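> One line per chain: the protein sequences are C and P, in this order.
Mapping of the first sequence onto the numbering used here: position 235 corresponds to residue 235, and the numbering continues sequentially without gaps.
Mapping of the second sequence onto the numbering used here: position 164 corresponds to residue 164, and the numbering continues sequentially without gaps.
A couple of the hints might just be wrong.
A pair counts as met if it fits within one copy or between any two copies, since identical chains are not told apart.
With a straight-line Cα cutoff of 30 Å, these simulated DSSO-like cross-link-like pairs (lysine-lysine) come out [stated by the list, open to error]:
1. K58 / K283
2. K58 / K295
3. K58 / K302
4. K283 / K295
These are computed hints drawn from the structure, not numbers from a lab.
These numbers come from a predicted model, not from an experiment.
There are 2 protein chains.
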Amino acid sequence: MAVREAEPIAVEEARRRCFEWASPREVVRVPLVEAVGCYLARGPELPEDVPPFDRSLKDGYAVRAADTAGASDGTPVSLIVIEEVAAGGWPTRTVEPGTAVRTMTGAPVAPGADAVVPLENVRLPEGSAGREGDRIELVIPARAGDEIQRRGDDLPKGSSPVGAGERLGPREAAVLATAGVLEVEVVRRLRVAVLSTGDELLSGPGPLRPGQIRNSNGPMLAAMMRMEGWDVRDLGQCSDRVESVVQAVRGALESGDVVVTTGAVSVGDYDVVPHAMERLGMKLLFQKVAIRPGKPMTVGVKGDRIWFALPGNPASTFVTAHLFLLPTLRKMAGARVWDALRTIAVLKGRPSEGPIPLTRYWRARVWLEAGRAVVDAGREQLSAAISSFLGANALVEVPPGEDPRVGEAVAVWWLDVPPAPIGY
Amino acid sequence: MAVREAEPIAVEEARRRCFEWASPREVVRVPLVEAVGCYLARGPELPEDVPPFDRSLKDGYAVRAADTAGASDGTPVSLIVIEEVAAGGWPTRTVEPGTAVRTMTGAPVAPGADAVVPLENVRLPEGSAGREGDRIELVIPARAGDEIQRRGDDLPKGSSPVGAGERLGPREAAVLATAGVLEVEVVRRLRVAVLSTGDELLSGPGPLRPGQIRNSNGPMLAAMMRMEGWDVRDLGQCSDRVESVVQAVRGALESGDVVVTTGAVSVGDYDVVPHAMERLGMKLLFQKVAIRPGKPMTVGVKGDRIWFALPGNPASTFVTAHLFLLPTLRKMAGARVWDALRTIAVLKGRPSEGPIPLTRYWRARVWLEAGRAVVDAGREQLSAAISSFLGANALVEVPPGEDPRVGEAVAVWWLDVPPAPIGY
């Protein structure tokens, strides 16, 4: 029973042990759109220049800037239009002195030209429609480079603007697609099994027997991890006896990367997780963390599989899932940045409780007031209070022994803000 | 060709017209976990009290507080343990004076008892294990209500803590599941078709023909809307001739709620959207918006279907998708709050360009510095620059004629922050 006597370790040390252990799963090559929500295993080298040719930024006329020197209302420069090029077309003529090529937005700029004059800056002489064979008049001098985006100016071939560990979202999809990257190497989606332990739980429908309560941790964890894009199997519940837990977790570990259980971890008469880990030959990463709620949080590993045994109290599950489970799993999924946004905020409300020698986490709501983060932790912080989840988009972190007052700055995890994508 | 002469309208007016038109799609009843990411059509009335019975918050002993009056180290109160109740169990005995029921965390509190004394506050006399038939000693008086969560205290039956229009995420799933709501009525997932127009585009793999560019808007939009949880069909591309666009959009409108096209909207020779909308019998909501980038943005509706014709320039697509498309679609998907977070932030960097009589939107990066929002819009803001998307998690909004300097406060849309969930 030595495992029962573990001393709680600091939250930073517990997180460090998880992150040190966690490594990305296998790399798969998939079409770009199927990779949405996954993390890049490698930052692809762009195979093409963007744009792939010198391109007009406006509907207008490709001209030689030198031709237009001195153009003014009184002394217009007259050019003859020798060709028309639409986006998708390709010029066949070269712009010689005295000529211009009508060039639409996105169309290639004809050789010989070094500027594009927008339609609205061009005057059409009597009888001219500004089309091939017509004359146009310029009344403002053009400068070399005007309204032209040079080949490779936006994204040069061979560069890697989106790095390994970035999450593939719409912006990354646009950047990669435009340079011809239509398949990417990403870390495959995690496979996670969720299991709630406890004879008191009812997971399915139907009336509660006396003494039973509904399983809320299973649906919460499943929803949380589905929103990350992972494959989540909700195994429902099992008895919190060692034998049942060992059997259920063994099966889940064989088919998945991660097993998340809730319950059966604390020091009561029927707590079984440390023993089950022993029976499964797992190495304990830690057994208790000096936090409230969530102190009996236990993590075990075996090979490349990990078992997060979260405490059964809903608030403990909520807090430990955000502090340990999600960031560790994001790292396993290949993320370069795995934590939610951490900042400081002015405390607007707090629960009535005194300091303790543990790191406290208050479920709270953070928002911006005139550009400044403020946070309200005034709701009931009871571990068993699920109502404290309503609107809780943040955790206030209170170090051991501290007891911040309303109006003071506190450390806050902003849970809804995704890990930062790309360095800017 | 009257449609071509439309005056641009203000961004607020254009958004108002979209939101006024948009109404939620049909309501479906689905299991809770399948509803993840959907918006609730109705806030369910909780069918059960949470907790469903008076419940112990600690491992300990259910006692009569009156019995413990005057308990101290010198004058302990001795009680006899008459029963043991685990979580999931149900007491069969009543706590009479001089008795206690051993009661584990989450277990029902036996009738007669009005307080729970935690294990750690109980002394065991010589030979007692504190189990049924043993005696225990209390050395601190208990107060009525100690460590008991009363039936319905957390969430009372009949209340509706999660309202219509809230997005179903992990917190909402926990709150509803715990009160026995295992199915919810949500607005069904949107069906969206994405179509890129332009003969210059290459959507699939293979080398570019001279003058062609890659389709990046399609993958970007598809990724954006997949991350919202909607059913997105990427129809690839079609020619930007009226006939092709009419045909492609007609088919897409029949099978989906929304068609999003890019390109073919501006005043060039080959622009066709207004004509196509006319041919399809659609009502124009607006044809131009006084913004940059994105001015030729056009929206048409017919019955309960909507066509967003976004400009083809990638930056225009990016900006208009965030300002018009996503919020309108979120409202159609049942959201109560459809916009991303809007706040003010201190401007850290800005592009070199002068004021214009349009509302400008700069792709930018927002973050928190010591709890205060700051934003950097120092990247190239060219409409055709896809590299400007890298790390752009925000849009800086600059009103017509204004030209904020570095160090000033500006309005910012924080694109990655989801619409606020529940009022707190």
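> Enumerate the violated hints, using their earlier numbering and listing them in ascending order.
3
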